[in-house]
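Asker: Make a model of the complete structure from these sequences and hints.
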Amino acid sequence: MDSIDIDFNLAEVLTDYQTDPSQLIEHRYASEVNLTRIRDVLNELTDRLTVSPEAINNEKVFDRTMYLLYSYHDTPAKDQERILDLVLSSVKAQTRLVGQSINSEDGSNHSYLKAGLSRNGFLLHWLLMNLERATSNVFKTAVRAGSTYFKKTPATTATIETIRTALETICNVLSIKNLSRLYNTTSERDLFLSLFLKPVYVFMESEIIMRTSTSLKMELFECIALAVKNHQQQANVLTSLLQLLIYFDHLPENLAELLKLLYDKYNNSFLTEEMLKDISARDFNANDAKGPKLVSNFIIKLSQVSPRLLLKQFSLVSKFLDGESFTLRCGIIEATANVLMDISRTEEDLERHSTQIQSLFDLIEERVMDVNPYCRYRAYQSLATITELDFKFTKRRPNMTKLAVQGLKDKTSMVRRRAILLVSRLISTHPFDLLHGDQLGLKEWIKRRDLVQSQLDEIIPPELNGQVDVDMLDAEEDEDEEQEPQDVVTNTEIEGEKLVNIKRLKLTLKYYNEAITFIERVHEGIGYAQQLLNSKNKSEIIDSMNLFVLADAYGIEVARQGVRSMIHLVWAKGNNDEAQAIQSHLIACYKGLFFEAPSNLTEAEANTMIAKSLISLTYGATLAEITSLERLLCLAMLQQQQQSSAADFSRPLISSGVIHMLWRIYGTQGKDISRSQRRGAIIILGMLARADHEIAVAGIDTIVKIGLGELGRHDLTLAKYTCITLQRSVPENEWSDAAKLREKSGFVSNPKKFSSSHEVIQKLSGLIMMNCSSNTIEWFGVAEQAINAVYDICDSPDEVMSSLLRFKMSHVFFNRDPEIEDNGDAALSQLLFIVGHVALKTIVYLEKCELQFKKNKQESEKSKAAEKNSKNSKANDQDHDMELIGGGTSEDDFTEAVAYIREREMLYGENSLLAKFGPMVAALGLDILDGHRSNVINIAGMLCLAKFMCVSSKYCEDNLPILMTMLDRFDDPVIRSNAVLALGDIAVSFNHIMDDNTDFLYKRLHDQTPMVQRTCLMTLTFLILAGQVKVKEQLSEMAKCLEDPDKRIADLAKMFFLELSTKDNAIYNSFIDIFSTLCADENVESAEFKSIFRFLAPLVDKERYIKQLSEKLHARLIRTDIDKRTWDYTAFVLNLLPHKNEEYAKVIADGYKNVE
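Read in my numbering, the sequence shown has 1003 at position 1003, and its numbers run on one by one without any break.
If you're looking for bench data, these hints aren't it; they were derived computationally from the structure. All of these numbers come straight from a predicted model, not from anything done at the bench. Some clues are possibly wrong.
DSS-like cross-link-like pairs, simulated, lysine-lysine; straight-line CA separation at most 30 Å [said to hold, decoys possible]:
#	residue 1	residue 2
1	K591	K752
2	K573	K510
3	K78	K265
4	K854	K808
5	K1040	K1112
6	K591	K612
7	K538	K293
8	K1040	K1124
9	K841	K855
10	K868	K854
11	K705	K612
12	K538	K503
13	K808	K855
14	K260	K312
15	K217	K92
16	K1090	K1047
17	K1124	K1112
18	K1090	K1107
19	K864	K854
20	K392	K312
21	K864	K808
22	K916	K954
23	K443	K538
24	K916	K864
Answerer: Structure follows, in C-alpha cells:
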C-alpha cells in the first residue's frame, strides 16, 4: 500500500510552481506516468479519490494529479473537463471533511487535514491559473470573431460556467471558519488563502470577464468578501485592491460594487474606510492623468451604489477639492451631489442630516467658481440633478438661481450649456405653484403682491407695518411673563381675531416677494441666453432655444423676446449638418409654439387658433424678423411638401384649413377684425405664397376686393403687403418651371399673367396714381410694391407704366390743385419716385427677357439635336416658339443689344419716355445742392438721380459729382444714408467708376450719425465680401469700428472681420497695413488699439503666416529710428502672435534700450 505523507511544505511547492512548474514533475515520479495512458491515469485517480478523498496525501496520487494539471493545455477538451471535475471533487470532499472535523476538541488529525487541504488548495490554484490562460484565448477569439466588441459563443458561455463552478468551490473553502486551528501562524494562513485570492485578482484583471457575466463578477466579489469576513484578510486585500484600482481602467466601478457588497451583506466598512484613507493620503503627480481619473471614477461609483458609506469618510476625500487635479475635483463634485441626493429623499433623512446637507450644498456651490471649466461644468450639472428631487430646497434656490444666471456669462461653452440646463430645471421645478398654478408672469405676480400689501396696510397702518413681529403673533395668549415696554406692536394692541389674518398676509407677501425675485432673475438669465443664440456651438444654440420654449410655456413674458430672436437662426451657417440641425430644431420649436393646437379642439377651432398664433408673430415685428419668419415658413412648407411626396400622412405643419382661415380673416369686413389682424393675415399669406404660389392665386378675388379696394386705400400698410402677396402669385423660378413643363408636354407654357386691362392691374395702377399729401410716407412703400407687382404679374408692364408716367406727368405739371398748399411738392416727389423705380424695374425686366431668350435658345438647340439624332425623326408640324425667337441671333448679340438699350436708349433715346426725365433729374440735383427745395423733394430727387445713375454708366459719370457733394454737404442723415446705399449700388453696376472714389464711402464710417455709420458699414461689408471693391489700406477704418461706442456697429464690424477671415489670406494680407495706419493715428487710444488687435490677431491662424508676420514685426522692433509708442504697440502685437521664437521674446524682454 502506498505511503501517506502529511509533511507537505506548501511554501516550497508554490515557489517551485511559480519558478518553473516542470520542476515539480521531473523530480517526483514523472517516469511512472506515460502520456499515452492519460485516460487510464484519469480513471485510476478518479476511482481512488472518489472512494478515499484523503488519498490526495499519497505521494504518487498527488504527483500524478500535478502532472495532469501540467499537461492540461495539451490534453483534449473532454479530458480537460474530467481533470476539472477530478480536482474540484477532491477539493469539495476535502472541504467537507475539514468542515466536519476542524471544530472537534481532538486535534490529533489536524496535521492530516492540513496536508490534505493544502494539497487540494494548491491543485485548485494550479487549475484556476490554467483556466485563466484558456479563458484568455477563448475570449480573444470571440472578440476577433464577433462583429461587435464582444460576441458570446458556446465556447465563451461554457468557459464562464466552468470558472463560476471553480469559484463556487473556492467559496466553499473560504466558508470554513477557524482555519487558525490548522494553520497556527498568520503567514501560513495568508499563504494558503493566497492560493485562492490570487486567481481571483487575475480574473478581475480581465475586462471581458468583469463586463460579460454579472454572476461571475459577483462570485469573484464573494470570494474576496469571505476572505475578509472569515479570515481577517483586510490588510492583504486592501493592498491588492489599491493596486488593481490604480492599474486597471475597468476596475474602479467594480471595486466600488465590491465594497458595497461587503458593507450591505457582511456589515464590513473597514476596507472602505482604509481604502479612502489611503487614497486621500496620496499626492498625484501633475503629469499623472490616469491615476486621478481612476480614483475619481471609483469615488463617483461608490457615491452612487453606497452613498451612506462614503458619507462617513467624506471629510477624507473632500481634501481633493483643494488639490491640483481637476479630474479629482470633478469626481468629488459629482460624488457630493450623489450623497446629497441620497440623504434628502425622505423627511426623516432631511431632519437627521440637515447640517450635512447644507455643508454639501456649500461645497458644490463653491465649485461654480472653480478655475477649471470642467469643474464648473460638473458643479452646474450636479445642481441641475439636485433640482429633480421631490424636495425643493426653497432656501437654497435663490442662490442656485443667482449662480445659474451667472453661469450664462461663463467664457466656456460647455459651462454655459449646463447653466442653461440649470435655469430650465429651476423653472420647471419651481416651488411657486401652490396658490395660483405654475405660471410665472411677472406682471401678474406684482399685481398679487400689491394687492396683499394693500390688504395688510388696511389692517396695520403703514407706519407700524414694519414693526409687527410675525413671530410674536404666534405667542400663546396665556403667557403671563411680563414684557418690558418697547416699540413693537404686541397682541394686546391688535384685535385677536385679526392675528391669524395678519400672519397669513405676511407669509403670503413673503411668498410673493420670493416668487418675484426668482422671476426677475430668470428674466435676467433669458436676456443672457438671447446673446448665446449667436454662439458658434450648435448644442448651445439648441439649448437656448429649448429654454425660451420652456419659459414661454410658463408664461414668462421676456421668453417671447427670445422666441422672436431665435427666428433669425433660420439663416444659420456652418457645415450642412449643423445648419440643418439648427433649422430643423427651430421649426420644431415654432411648430410646438404656433403650428399646433390642443388635441381637445375641433378642427375648425384648431385652424382658428393656429391662424391667430401665426398672425401674432407679425405684431410689432421688425423688417428683419418679418424676413426671417418668411424663410422659416418657406422651410416649413418645404418640409410639408417632402412629407407629402414621401407619403407621410401625419398632420401637416400648415394645413389647408389654416390657410383658408387666414384668407377668411383677411377678407372679413367690419369691426370684428382689427387692422393688425388683417395686416398679419396677408403678411403670413404672402410668406406662404413664396413657397407655393397657388396660395396667392386662390385669393386673387379677395385681394382685389380688400387690399386693392377701399380698405387698402385707407390702410396703406395693408395695401403694401397685398401687393407683395400678388407678386408671389407668379413663382420666382417661372421660366425654370416653364422649361420643365415644356420637357414633359412638348410645348411652351409660360406662367399665367394678367393683361393690362385686367381688374388687378387697374387696381394696382389706381394705388400708384393715388393722391397723397407729402406727409404720407407710407405711399412710397405702397407704390414701390405696386410697381414691382405690375412688372411681375402683367404681360406688358412697359405699356402700363408708360401710360401711368404720362398721366402722372400731366397731373404734376399741368393739373396742379391750387387749394392744396403742398400739392406740388407731394406730386413731384411721387413722380420722381415712380420714374426712378420704373427705371430700375425696367433693367430687371430686360435681364429677365435676356435670361428667357438664352434658355429658349438652349432648349431649341437641344430639341434640334434630339431630332437630328433620332433614327425615325419626322417633320415636326408644330411651330416651336423657341425657334421663332431671335431667329439666328446668337446669345452674345442679344446680350449686346440689351446692354446698348440700357446704356444708350433708356436715358438718351429719342423715343424713350425716361429720357425726357434724365436732364430734369440732373438739373433738380443741382437745384437741391443750392438748397432751394423742400426736404421731401431733396430725398425723392436724390433717390431718382441715384437710380438713373445705376442704369447708364455715361449718366453715372456725368452726375457722380452731384451725388458725392450731397453725401458731404447735407445734414439730413436720411439723405446721406441713401447716398451711401446708392454708391454701393453703383459699385456693383459700374465697378470701374467707383475704384477711385471708395474714400468717400470709408469716410462715412465715422459719420456723426450712427444710422449713417451702420449703413456705410453694412454697404462696405457687402462690397468687400462680394469682391466688388478691393481691400486697400482703408481697411483700418473698418478696424476702428471694432471699438465704436455703439454696440451694434461694433458687432457688425466683428461679423465683417470674422467673415473676411474665411477668405483667402485676407486678414494676413492687410494685417501690416492696418497695424501701420493705426500706429500712426494719434486719435486711436492705447486701450482701443490693444483691444482691436486682441480681436484681429487670432484670426491669423496658419503657422506660415504667423511666422511671416512675426518676422516683419520683429524687424520693426530692432530698428534704431523707432519711437516709444510704435515700439510698445509692435511688442504688444508680437506677443499676441503665437510665434514660438525665443529670440523675439528676448528682444521684448530686453525692454526699451533700442528705443532710448
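Asker: Determine for every hint whether it applies to the structure shown.
Answerer: Here's how the hints hold up against the structure:
1. K591 <-> K752: violated (34 Å)
2. K573 <-> K510: At roughly 48 Å apart (the allowed maximum being 30 Å), K510 and K573 break the hint.
3. K78 <-> K265: violated (38 Å)
4. K854 <-> K808: violated (36 Å)
5. K1040 <-> K1112: holds (22 Å)
6. K591 <-> K612: OK: K591 and K612 at ~14 Å, within 30 Å.
7. K538 <-> K293: holds (28 Å)
8. K1040 <-> K1124: holds (22 Å)
9. K841 <-> K855: This hinted pair holds, its Cα atoms lying about 21 Å apart.
10. K868 <-> K854: Roughly 21 Å separates the two Cα atoms, so the pair holds.
11. K705 <-> K612: At roughly 22 Å apart (the allowed maximum being 30 Å), K612 and K705 satisfy the hint.
12. K538 <-> K503: Since the Cα atoms of K538 and K503 sit roughly 50 Å apart, the hinted pair is violated (cutoff 30 Å).
13. K808 <-> K855: With a Cα-Cα distance of about 37 Å, the restraint between K808 and K855 is violated, given a limit of 30 Å.
14. K260 <-> K312: Given that 30 Å is the threshold and the Cα spacing comes to 14 Å, the pair holds.
15. K217 <-> K92: Holds, at roughly 22 Å.
16. K1090 <-> K1047: holds (18 Å)
17. K1124 <-> K1112: holds (18 Å)
18. K1090 <-> K1107: holds (20 Å)
19. K864 <-> K854: Holds, because 15 Å separates the two Cα atoms, which is no more than 30 Å.
20. K392 <-> K312: holds (25 Å)
21. K864 <-> K808: Outside the cut-off at roughly 48 Å; violated.
22. K916 <-> K954: Status holds; Cα separation ~16 Å.
23. K443 <-> K538: violated (33 Å)
24. K916 <-> K864: Distance of about 45 Å is beyond 30 Å: violated.
In summary, the numbered hints that this structure violates are 1, 2, 3, 4, 12, 13, 21, 23 and 24.
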